[in-house]
Amino acid sequence: MRKGFAILVCVLCLVALVASTAAAQAKFGLNDIPTIKNKKALNLIIETGENHTKAIPAIQEFTKKTGVQVNVERVASSGVYGKENVELMAGTGFYDLVYVETAWTTEWSDYLYPLMDLAKKYDPKKEAGLKADLAFMSPSILVCGQAYGQQMVLPFYTFDMVMWIRQDVYDDPTEKANYKAKYGAELKAPTTLDQLHKQAAFFTRKKGDKLKGQVLNHDLYGLSMQAGAYQTNDETSARLWGMGSDWVTVVRDSAGKIKEFVITKANKQALKDAITEYKQDLQWDSPGALTANFDFVVAQMGNGNAIICPTIWANCTTWANGILQEKVPGGKIGMYPTVGGHPYTGAWSYGVSKKTKNPEAAYWLVRWIASYDCAKIVFNDVGLPPGRIDVLEDPEIHKPANYYPLGMVADYHINIWKATAKDVGNYWYFNTKAGGKVYDMQIYAVSKALTGEQTIDQVVAEITRQTLDLTTKFDKKYKIREEK
Amino acid sequence: MSSQPLPRKPTIWETLTNEKNFKWTLLIPLLLLLAIFMLYPLLYSFYFSFHDWGMQGAPTFSGLNNFRQLVNDRGFLLAFGRTLEVLVICIAVEILLGLALAMMWNREFPGQNVVRGLALLPLLVAPLILSLLWNFMMDFDFGMFNQILQAVGLRKVYWWAPKMALYTICAITIWQWLPFSVFVLLAGLKGLPKDVFEAAKVDGARGWYTFRRLTLPMLTPLIMIIIVLRSMWLIRLFDPLFGTTRGGVNTELLDWITYRTAFVMFDIGYGSAMAIVSWAFTMILCMLMFRQLMKALKPKE
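Just so you know, the protein sequences line up as chains L and V, in that order.
Going letter by letter, the first sequence gives residues 0 to 483 in numbering that gives the first Met the number 0.
Going letter by letter, the second sequence gives residues 0 to 300 in numbering that gives the first Met the number 0.
Simulated from the structure, these hints should not be mistaken for lab results.
Remember, predicted model here, so these are calculated numbers, not experimental data.
Take these hints with a grain of salt, some might be off.
[Stated by the list, open to error] Which chain V residues stay away from chain L? Per the calculated CB distances, all over 10 Å, these:
no. : residue
1   : L41
2   : L77
3   : V263
[As the list claims (entries may be wrong)] List of simulated lysine-lysine pairs, BS3-like, C-alpha gap at most 27 Å:
no. : chain 1 : residue 1 : chain 2 : residue 2
4   : L       : K278      : V       : K200
5   : L       : K209      : V       : K162
6   : L       : K205      : V       : K8
7   : L       : K267      : L       : K53
8   : V       : K155      : L       : K326
9   : L       : K483      : L       : K271
10  : V       : K155      : L       : K211
11  : L       : K205      : V       : K189
12  : L       : K26       : L       : K82
[As the list claims (entries may be wrong)] Residues on chain V that point at chain L, a partial pick, calculated with CB under 8 Å:
no. : residue
13  : S44
14  : Y46
15  : H50
16  : G53
17  : M54
18  : N71
19  : F139
20  : F141
21  : M143
22  : Q146
23  : P161
24  : D194
25  : G242
We put the CB at the ideal spot given by N, CA and C, even for glycine.
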């Protein structure tokens, strides 16, 4: 009897071992890359910043395995579009791997290889090899990297927006009691604009006031935002999408094919409302917000100067948390969906330039960067959330000891992708060839309304005019019109 | 009968260096470089200003459309007006302050070499680096200036407030370029003839009178040169914006809006039209200044 039980245990262990090995093998890794004969070096961009530097060794693993040199150029994210656009338009092929903010994917789709075409040509498992790996990635992030249904790029790391709150402050009994006494409601992460405004007002305090029963030695702001001429449009997108609207409506026929783009009256009204709300929020923020970028928001949160960041990229969480742990003992960040639950989404991704002199190696490098092993390094060591569900579901980071912050970051992404998956593919950015140009135009336009340089009505009219103009010039595939 | 020797054919060197050709020999390399690096891009830009082009496909001729659009572009007109404002403020302050400092430093004082050496430093740092440093120093919450103000019991100042940011940009620019005016004017003061001032002193002329009637007129050509050069540089002001406001909070200037249109949105045709207007404005301004300079240099009776 005992012997029989021992055999059964052994058999079960063997089955488990085989199953786990098979599962591990299903995930693409460096060992799946066949010998690459073309050894021409590859050029690509990695953003500047200490965190991104930590990702470089993972990319160099590719060189060790394949013998193909990878030259990394460091460029600040704000300079990526301009630098790459010139090279792509001129057809120089300088960048073998093109670093793409997913809102530009459709715009650059004429200059990139569809990845399935490359899989067919270079992958021993053909398209099935690539498809098997895509199954582990977030469908909504993959959609952002598609053009007209074809997968053009694969994610390096994602930049979904999130709402940060100071969780330790929200959990403080004194603050909870004071809030309830003032507003007659529980203090919890805001899900409506009314709650956001009340809490922003509640937490905006002067030096000498108290927070968590302690006297403040600095002014405290209810909110922290980035209203400078950097990326105000992402914050506005989060507001627009949260209202169920968009910058432009993608009109489809009954078969789901795009018919045209229309800037509807509802789009214009929603934009007006979104900017009005954003401008209203600035009263609870530092004056510095008017020239701020994300680093300012991280610094405000990290230094304990702000309590809520209504719209910030979730990939900044581990960075901000690192500062907060150092500057505010006991400080803790909580991650929640932005009001309306539809934050800006997408990923910094890589695609293969049609002008590359080594498409085979470029394809495999894109695959490696988006692979489980590489994504795990980028998430665990660098803190940048990948587009891979399997990395985010790793049981190790969900253990109680490791849950904060990586497990929290992982859960936020898994949940927000589920919640927004059905809408992402219809957002205008991901369907137009004018995405990159309009994106940059919006940054300056929105910022002008926030600083008072132009009225909100003027800015809405200006964005409408320029969107029509730029889309007509740069997107010849679909017509755009304004609903008067 | 003696045969006359045939005239010798001059060598290439002799042809290049004879009295008639020498000036052209010296000028042609420079003219070639100017044609390649200045004239060609200018003409190319001129060509694009009459076309629509986004770096894709062939440019489409659009006649005067881009210029018509410019006239109605509120953003461009505002940028133009702000550029004029910056021009006037910076040049006025740099000349007045530069003159005052040059007059002060035109006398012997202990540590003069150290002071003059330190004053040169802002000119030696890349403008973009400087603008990034100023941005940090002038941050509302974390900046050095506000921390000092708070330490002495004063309120924090928002240096980048929409109504103030343009003047902050002016201040950064003036801080960097003031030494240029100071040293040009100081060199001018050092070169003034001493005998004229001694004669004036003998005749009983006092400080202000001497300054107004002797020093200033003799420095006028140098002041005009500063105005011409600074006008050209200020119309192209770009770096202080890149490291600070990026054209936000009412600080978008001509060069920034042109850069943004042509190299961020890649609307090359419209951006070229902006560049052409900016170039024409610079040329007109500089020609007017140059006439004044020539007048100032003309020996007086």
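Results for each hint:
Listed as outside the interface, V/L41 is consistent with that label: its C-beta sits roughly 20 Å from the nearest C-beta of chain L, beyond the 10 Å cut-off. Annotated as non-interface, V/L77 brings its C-beta within 10 Å of a C-beta of chain L; the closest such distance is 8 Å. At roughly 5 Å from the closest C-beta of chain L, the C-beta of V/V263 falls inside 10 Å, breaking its exclusion from the interface. Proximity of L/K278 to V/K200 is assessed by CA-CA distance (about 65 Å); at most 27 Å being required, the pair is judged violated.
Restraint check for L/K209 and V/K162: the C-alpha separation of about 33 Å exceeds 27 Å, so the hint is violated. For the proposed pair L/K205 and V/K8, the alpha carbon gap of about 91 Å is over 27 Å, so the pair is violated. Distance hint between L/K267 and L/K53 is unfulfilled; the C-alpha atoms sit about 43 Å from each other, more than 27 Å. The hinted pair formed by V/K155 and L/K326 meets the criterion: a straight-line CA distance of about 22 Å does not exceed 27 Å.
A threshold of 27 Å between alpha carbons decides the hint, and for L/K483 with L/K271 the separation of about 15 Å falls inside it, so the pair holds. Distance check on the hinted pair: V/K155 and L/K211 sit about 25 Å apart at the alpha-carbon level, within 27 Å; holds. For the hint pairing L/K205 with V/K189, the CA-to-CA distance comes to about 56 Å; that exceeds 27 Å, so the pair is violated. The straight-line distance between the Cα atoms of L/K26 and L/K82 is roughly 34 Å, outside the 27 Å bound, and the hint therefore fails.
A hinted interface residue such as V/S44 counts as satisfied when its beta carbon comes closer than 8 Å to some beta carbon of chain L; here the least separation is about 16 Å, so the hint is violated. The interface hint given for V/Y46 is broken, as the beta carbon of that residue sits about 18 Å from the closest beta carbon of chain L, more than 8 Å. The closest approach between the C-beta of V/H50 and any C-beta of chain L is roughly 12 Å, which is over the 8 Å cut-off, so the hint fails. A hinted interface residue such as V/G53 counts as satisfied when its beta carbon comes closer than 8 Å to some beta carbon of chain L; here the least separation is about 5 Å, so the hint holds.
The restraint placing V/M54 at the interface with chain L holds, with a minimum CB-CB distance near 4 Å, inside the 8 Å limit. With 8 Å as the threshold, the beta carbon of V/N71 stays out of range of chain L, its nearest partner Cβ sitting at about 10 Å, so the hint is violated. Restraint check, V/F139 versus chain L: the minimum CB separation of about 4 Å is within 8 Å; hint holds. Look at V/F141: its Cβ gets to within about 6 Å of chain L, closer than 8 Å, so that hint holds up.
Interface hint at V/M143: violated, since its Cβ lies 14 Å from the closest Cβ of chain L, which is beyond the 8 Å cut-off. For V/Q146, the shortest C-beta to C-beta distance to chain L is roughly 11 Å, which exceeds 8 Å, and the interface hint is violated. Against a cut-off of 8 Å between C-beta atoms, the interface hint on V/P161 holds, since the closest Cβ of chain L lies about 4 Å away. A distance limit of 8 Å between C-beta atoms decides the matter here; for V/D194 the minimum to chain L is near 55 Å, and the interface restraint is violated.
A hinted interface residue such as V/G242 counts as satisfied when its beta carbon comes closer than 8 Å to some beta carbon of chain L; here the least separation is about 11 Å, so the hint is violated.
Figure legend: structure checked against the earlier numbered hints; hints not met, in rising order: 2, 3, 4, 5, 6, 7, 11, 12, 13, 14, 15, 18, 21, 22, 24, 25.
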